[in-house]
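Asker: Residue-level listing of the chains:
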Amino acid sequence: MANYILEMHNITKTFPGVKALDNVNFKVEEGEIHFLVGENGAGKSTLMKVLSGIYPTGDYTGQIKLKGEVVDFRKISDSENAGLAIINQELALVPEMTVFENIYLAHEIKKRNIINWNQTIHMADKQLKRVKLNVNPGNKVKDLNIGQQQLVEIAKALSKNVQILILDEPTAALNENDSENLLNLLVELKKEGVTCIMISHKLKEVTAIADSVTVLRDGLTISTLRKNEINEIKIIKDMVGRSIDNIFPERKPQVEDEIVLETKNLNAYNFAVSKQVVKNASIKLKKGEVVGLAGLMGAGRSELALSIFGNPKNYDMDGDVFVHGKKVHFNHPSQALKAGIAYVSEDRKNEGLILKQDVKQNISLTNLKLLAKNGVIDKNKEIVYAEKYRKEINIKTPSIEQTVENLSGGNQQKVSISKGLFANPDILILDEPTRGIDVGAKYEIYTLINQLIDHGMSIIMISSELPELLAMSDRLYVVAEGKITGELSKADATQENVMKLATV
Amino acid sequence: MKQFFSNLWIKFKKSIRNYPKYMKRFFKDLFVLFRNNIRDYGMYIALITIFIFFIITTGGLFITPRNIFNLIQQTGYIAVMSVGMTLIIVIRHIDLSVGSIAGFIGAILAVLIVTYDMNAIIAIPIVLLIGITAGLLTGYLVAKIGIPAFVASLGGMFAYRGLIFNSLQNTGTLGVNNPIINAIGQETIPAIANVFGLHLLSVIIGVIAVLLFIYSEFRTRKEKSKYDFEVLPTDLFIAKLVFISITILTITFLLASYRGFSWVLVIVLVVVAIYHFMTNMTVLGRHIYAVGGNPEAAELSGISVKKITYFVFGSMGFLSALGGIMYLARLGSATFTAGEGLELQVIAGAFVGGTSAAGGVGKVTGSVIGALVMASLINGMQMMSLGTNYQAIVSGVVLVAAVIFDVKTRNMKKVQA
Ligand SMILES: Nc1ncnc2c1ncn2[C@@H]1O[C@H](COP(=O)(O)OP(=O)(O)OP(=O)(O)O)[C@@H](O)[C@H]1O
Ligand SMILES: [Mg+2]
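Protein chains in written order, with my numbering: chain A, 1 to 504; chain B, 1001 to 1417.
It should be emphasised that the hints constitute simulated quantities derived from the structure, not laboratory data. None of the values given here were measured: they were computed from a predicted structure. You may find that some hints are simply not true.
Listed next, the stretches of chain B that the computed footprint assigns to chain A, with coverage defined by at least 3 CB atoms under 8 Å from CB atoms of chain A [to be verified]:
1. 1221-1229
2. 1278-1284
3. 1287-1293
Even glycine gets a Cβ: it sits at the ideal position worked out from N, Cα and C.
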């Protein structure tokens, strides 16, 4: 008889127009690493929010048992006191505070309300050692990279004597190295007896460290697989309800000789971080081509893209950009859009979307002129276009009047891409277009990329997932520390070659 | 439209037969409509409640044509400035300099007209331009230099107050007796004729407004049906038309039976109409809300956050100047303290009207109603002879209550009909 530390029975949770969870059953054994997978909008995050008390008892129906006892959490602190800690995808650290302040925030080490800072620093240091993070606890969190911040979050959870650690897509924004560190850490923690529930769209991680996997689809529990039953093909099949034989759809090579975009010796200096982010970059993009930009997180790929796309962050720049052979000088993204270049941001929440506005208003934003006569918007036309994108790229939403905030991550991504497409570009820059989205949706986005190429578009694709970049690109550049360190043809583009160039 | 009415007739005959069942459904639809739009309607409900309360407590004195007329005169300049403040708050800023700018503009206008004997027709455009310049200056400090609007406009608040002293130092309080200024301050539009003791032109304008309203409602409805989009059920649609038309006509006849529409009312209506149209229907309006909702995303969508910031502050400067002119006209003289504390009344109007400090959310019509709510409270309490202490306390409580209501209803679930 298995020893369940956590049982969730018949959990049902509805939002207006959506049944996010429909009688979900979810059981986790003590001391295991249990993955929760499923398509975008399947209800994974919602289930974890129910578990951790973000949605209080009464907001849903069903029963939660912890070590066999029924619990009822009304707020996050209730679940924390019971030994649960959730790390959401949006990190909850205070950037301006130091690492040790963050770790003990809201459960300070104190005596008669006076904080004992020495003890705090000492204890924080211990937690940092546990997560193998080698930074000074006095550093400010904003000076750490995202992988390090993730580890601080875990240290914070550990400092609360956590028994069940919940991680919602912790590796979505991490590079391969940091991801691997994190996975190793989870295995270590397992040895210390910490139970771990992890949401991820990266199935490689599942096969690597999972003891069990539960698959959700459309708010239903589809299956729970034990260690010996876990394989990628089975998981994908349960996730999407059919089998996908080819993760990367084929594309007929369409590359023509015409060069649509070229940069020559582009340099960009970012005052905000006092760093040269692009160094002497010269790249070319041909008509009908997908050019990949490979490299580690923070190598300067997005910065290069932004330098081309009208320099919205006001870098100090020199060098030349040519569009269709003509030298251009963009001072603002609006000019780049006018010249037929669109950019889909890697950070859909902060830079891509206006979360409080609805789907149609987000899509139409890049090209309102198309909908307007004398500056007056034809709202009916706007609805027609939005409906078109919703159908074509299969955005799952109860209506195009739904606020984007309420969509699941993958569907937000699709809105973000639709927005870029609505500008009707012939050059499209996709920055991490598949971050945080499920295999099914990834497949749809790959297919979309192929369709766009068939329609004569040219695409620059930035991705930290090497397999997809290798499969989708006709040619790729490797970027390291702002420099282009190599150019690889499709034939030469192998994982080893890229990694060699990326880490020089 | 003909077909619409014949359909309606058939429906009507049928519904007489099913009367009780029909009424049940009608009220259910009405309830759902209210429930789902409570944020938009809440303000109107509050206003109506306040009106009813004061009508009862003042024995009907509150709703006399004379008092309604006065109420409009009292609210006018605040309402106009609240419209501009709405957009400022929508793009996540604040402007504390508007009261001083209004006072300063009044002072310059008085000096130009009295001391320099300038024609008001020339002086008014000049001071409006000065207002725009003042607004753009704040915009420059915020958009280009990058300092917080709170600080930039706080600086403006002190500096323009000082400039009022400079402008008036030779003359002291400066009385203005100019036909145009007097008209803006006290007078009504020409009547053309008086029919049954009613101010004819006001009646005509009121009726035209109702007709225009009905026409535009029918047009949008037709457009929407053409695309197969959801529209209100016919009976609710009619009920809405009737209710709003009656409201407009009631106010029209009330005012027409006294002195007619004042210039203040006309100015407010024109400003609201222009801004309402701009924010709801135009690309510029959409860009403003996008910048408020997420500046980074707006920038990457090809919108210049800087330009929008300039525009919004410029427009605030213009409306502050307009408010300043109306204020001067109402008082009849330029004083050192003109517009002191006005910025806070204006900001209160915008917040009571449902503008969100988090940015991206707010309606200009809401702010005007918000300003009217605050002014009605003061006016009604004065009629009840409650002291300024009570007036201040109630204003404060209502301001906070309105924002609580707004926050609480923000994430309310929609119910299905
Ligand atoms: N606050 C909300 N209001 C309305 N609908 C919501 C809300 N939160 C989630 N939903 C809906 O509930 C469903 C489940 O969402 P959830 O975020 O749990 O998906 P997910 O499995 O975590 O997806 P992803 O992998 O994209 O993060 C989706 O259809 C989503 O649109
Ligand atoms: Mg999620």
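Asker: All hints, please: hold or fail.
Answerer: Here is how each hint holds up against the structure:
no.	hint	result
1	1221-1229	holds (count 5)
2	1278-1284	holds (count 4)
3	1287-1293	holds (count 4)
The structure meets every hint from the earlier list without exception.
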